[in-house]
Amino acid sequence: DVKVTQSSRYLVKRTGEKVFLECVQDMDHENMFWYRQDPGLGLRLIYFSYDVKMKEKGDIPEGYSVSREKKERFSLILESASTNQTSMYLCASSFGEPGNTIYFGEGSWLTVV
Amino acid sequence: GNSVTQMEGPVTLSEEAFLTINCTYTATGYPSLFWYVQYPGEGLQLLLKATKADDKGSNKGFEATYRKETTSFHLEKGSVQVSDSAVYFCALSDRGGGFKTIFGAGTRLFVKA
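If you're matching them up, the sequences are chains X and V in order.
Heads up: the first sequence runs through residues 26 to 138, numbered per the working numbering.
Heads up: the second sequence runs through residues 190 to 302, numbered per the working numbering.
A couple of the hints might just be wrong.
EDC-like mimics (lysine to aspartate or glutamate), calculated; alpha carbons at most 16 Å apart, straight line [what the hints assert, rightly or not]: (1) K289(V) x E81(X); (2) K289(V) x D84(X); (3) K241(V) x E204(V); (4) K301(V) x E231(V); (5) K289(V) x E122(X); (6) K96(X) x D53(X); (7) K95(X) x E122(X); (8) K245(V) x E205(V); (9) K96(X) x E47(X); (10) K289(V) x E47(X); (11) K43(X) x E81(X); (12) K241(V) x E231(V); (13) K266(V) x E252(V); (14) K257(V) x D243(V); (15) K28(X) x E81(X); (16) K28(X) x D243(V); (17) K289(V) x E55(X); (18) K38(X) x E81(X).
If you want a taste of the chain X side facing chain V, the calculated C-beta under 7 Å gives, among others [what the hints assert, rightly or not]: (19) L68; (20) L70; (21) P86; (22) S112; (23) L115; (24) G121; (25) I127; (26) G130; (27) E131.
Derived by calculation from the structure, the hints in this document are not laboratory data.
Positions of the beta carbon are idealized from the N, C-alpha and C atoms, including for glycine.
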């Protein structure tokens, strides 16, 4: 089975802190994604990566950056956390071309106070 | 651009009732269509998919048929169980959209015993 592991399930951070959310997948998938999930808004794509050291902006990249130094690992960085970034963050991965199934991690609940 | 619209929830049903969750889409190309399910406290997982017109995806008693003429992919189940209580997301992906998968806002289903 594909496994996407997010390092932290629950985090509480202070406004202005730098926050790292880590994600690792074990199926050698080329594509990795970071989504944000908010009630009534569904999932919104923050950033994605289709290869090591490659990254593309999604629909809501402002206030976030990403890093992909190894194929299996994709990190989401909040440079200076703000209260409006309180949300559920979902990491995901997929193989090959668009249209293939996306596999999700369990999510990281981030609260910024 | 591509978009997905699904019925608002929550939907509350009694056990063994018939379920329909409506989903319509807008796409410039020929998308693949998906239903993902999110059980409480978990990430999303693929429920079923269809890759071309008139295809029927099915899994765990759920079905959805890709209707190009009505641009719809409605989710149905003949007899729901309490364990089906979850949030259901309709989604689409096509080559024209690159690696982006577009998700609907999600529909929460409650099934009462």
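Consistency of the hints with the structure:
Taken as a hint, the K289(V) and E81(X) pair is honoured in the structure, with Cα atoms around 10 Å apart against an allowance of 16 Å. Only pairs whose Cα atoms come within 16 Å are accepted, and K289(V) paired with D84(X) is accepted, the gap being roughly 9 Å. For the hint pairing K241(V) with E204(V), the CA-to-CA distance comes to about 32 Å; that exceeds 16 Å, so the pair is violated. Pair hint K301(V) plus E231(V) does not hold up; C-alpha atoms about 21 Å apart against a cutoff of 16 Å.
Proposed proximity of K289(V) and E122(X) is supported: the alpha carbons are some 11 Å apart, at most 16 Å. Between the alpha carbons of K96(X) and D53(X) the distance comes to roughly 7 Å, so the proposed pair stays at or under 16 Å and holds. For the given pair, K95(X) sits about 19 Å from E122(X) by alpha-carbon distance, which is inconsistent with the 16 Å threshold. Simply put, K245(V) and E205(V) have alpha-carbon atoms about 22 Å apart, too far for the 16 Å limit, and the pair is violated.
A C-alpha spacing of about 13 Å is found between K96(X) and E47(X), which places the hinted pair at or below 16 Å, so the restraint holds. Taking the CA atoms of K289(V) and E47(X), the gap is near 21 Å; set against the 16 Å cutoff, the hint is violated. The suggested pairing of K43(X) with E81(X) is violated, with an alpha-carbon distance near 21 Å, which exceeds 16 Å. Simply put, K241(V) and E231(V) have alpha-carbon atoms about 29 Å apart, too far for the 16 Å limit, and the pair is violated.
For the hint linking K266(V) to E252(V), the alpha-carbon distance of about 6 Å falls within 16 Å, and the restraint holds. At most 16 Å may separate the alpha-carbon atoms for a hinted pair to count; K257(V) and D243(V) meet this at roughly 7 Å. Taking the CA atoms of K28(X) and E81(X), the gap is about 23 Å. The hint is violated against a cut of 16 Å. Among the hinted pairs, K28(X) with D243(V) is inconsistent with the structure: their alpha-carbon atoms are about 32 Å apart, more than 16 Å.
Restraint check for K289(V) and E55(X): the C-alpha separation of about 14 Å stays at or below 16 Å, so the hint holds. For the proposed pair K38(X) and E81(X), the alpha carbon gap of about 26 Å is over 16 Å, so the pair is violated. About 4 Å separates the beta-carbon of L68(X) from the nearest beta-carbon of chain V, less than 7 Å, and the hint is met. About 6 Å separates the beta-carbon of L70(X) from the nearest beta-carbon of chain V, less than 7 Å, and the hint is met.
Residue-level restraint check for P86(X) is violated (minimum Cβ-Cβ distance to chain V is 13 Å; threshold 7 Å). Hint on S112(X) is violated. Least Cβ distance to chain V is approximately 14 Å, over the 7 Å limit. At a threshold of 7 Å, the smallest CB-CB gap from L115(X) to chain V is about 6 Å, leaving the interface hint in force. Among the interface hints, the one on G121(X) is violated; its C-beta lies about 10 Å from the nearest C-beta in chain V, farther than the 7 Å criterion.
Checking I127(X) against chain V: minimum C-beta separation of about 6 Å stays under 7 Å; hint holds. Interface hint status for G130(X): upheld, as the beta-carbon distance to the closest one in chain V is roughly 5 Å, under 7 Å. Using the Cβ-Cβ criterion of 7 Å, the hint placing E131(X) at the interface with chain V is satisfied: the shortest such distance is roughly 5 Å.
Against the hints set out earlier in the document, violations occur for numbers 3, 4, 7, 8, 10, 11, 12, 15, 16, 18, 21, 22, 24.
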